[in-house]
Amino acid sequence: AIQKNEQKIKTVEVKAERTEKKLEQVDQRMMETNKNLEDSLVRLEMDRASFYLRFQNITEAKDEDLGTLMAELIAETLERDTQEVIREIDEAYRVQTNYAKRHRLSREVHVRSARKNVRDIIYK
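For reference, each letter of the sequence shown is one residue, going 1 to 124 in the numbering used here.
What the hints contain is simulated information worked out from the structure, not anything from laboratory work.
Do not take every clue at face value.
[Claimed, not checked] In silico PhoX-like links for lysine-lysine, alpha-carbon gap of 25 Å or less:
hint	residue 1	residue 2
1	21	10
2	101	62
3	21	8
4	35	22
5	15	4
6	21	35
7	8	22
8	22	10
Based on the sequences and whatever the hints tell you, model everything.
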């Protein structure tokens, strides 16, 4: 009777060890998957951000047409036609940032361009 109990205890211990090993493997796979997901997310965010331009210290007006205003500023900088720049801008909007709020500055302007090369031209 005692030998049977000892044998059962040993088999239970062996099963427990196997289960622990399997859990460690599953945990390892989950960590790898999470790392891959984080990397993918970072790449997606960087790709999305490549179409945006951020402008600071653009004074706000009550009835401003932000798209036209930004197109004029960009056209002046690039020495191009305003209409050409307007066609390249998808959207322009203001974003409240903590920095701007803390220092009582006007909100940041984000301009999304239709093509990535527009942003690259401006940065050069």
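Hints and how they fare:
Between residue 21 and residue 10, the direct Cα distance comes to roughly 17 Å. Compliance with the 25 Å bound is thereby established for this hinted pair. A threshold of 25 Å between alpha carbons decides the hint, and for residue 101 with residue 62 the separation of about 18 Å falls inside it, so the pair holds. Of the pairs offered as hints, the one joining residue 21 and residue 8 holds, with about 20 Å between alpha carbons and a cut-off of 25 Å not exceeded. For the given pair, residue 35 sits about 20 Å from residue 22 by alpha-carbon distance, which is consistent with the 25 Å threshold.
Restraint check for residue 15 and residue 4: the C-alpha separation of about 16 Å stays at or below 25 Å, so the hint holds. About 21 Å separates the Cα atoms of residue 21 and residue 35, which keeps this hinted pair within 25 Å; it holds. Proximity of residue 8 to residue 22 is assessed by CA-CA distance (about 21 Å); at most 25 Å being required, the pair is judged to hold. Taking the CA atoms of residue 22 and residue 10, the gap is about 18 Å. The hint holds against a cut of 25 Å.
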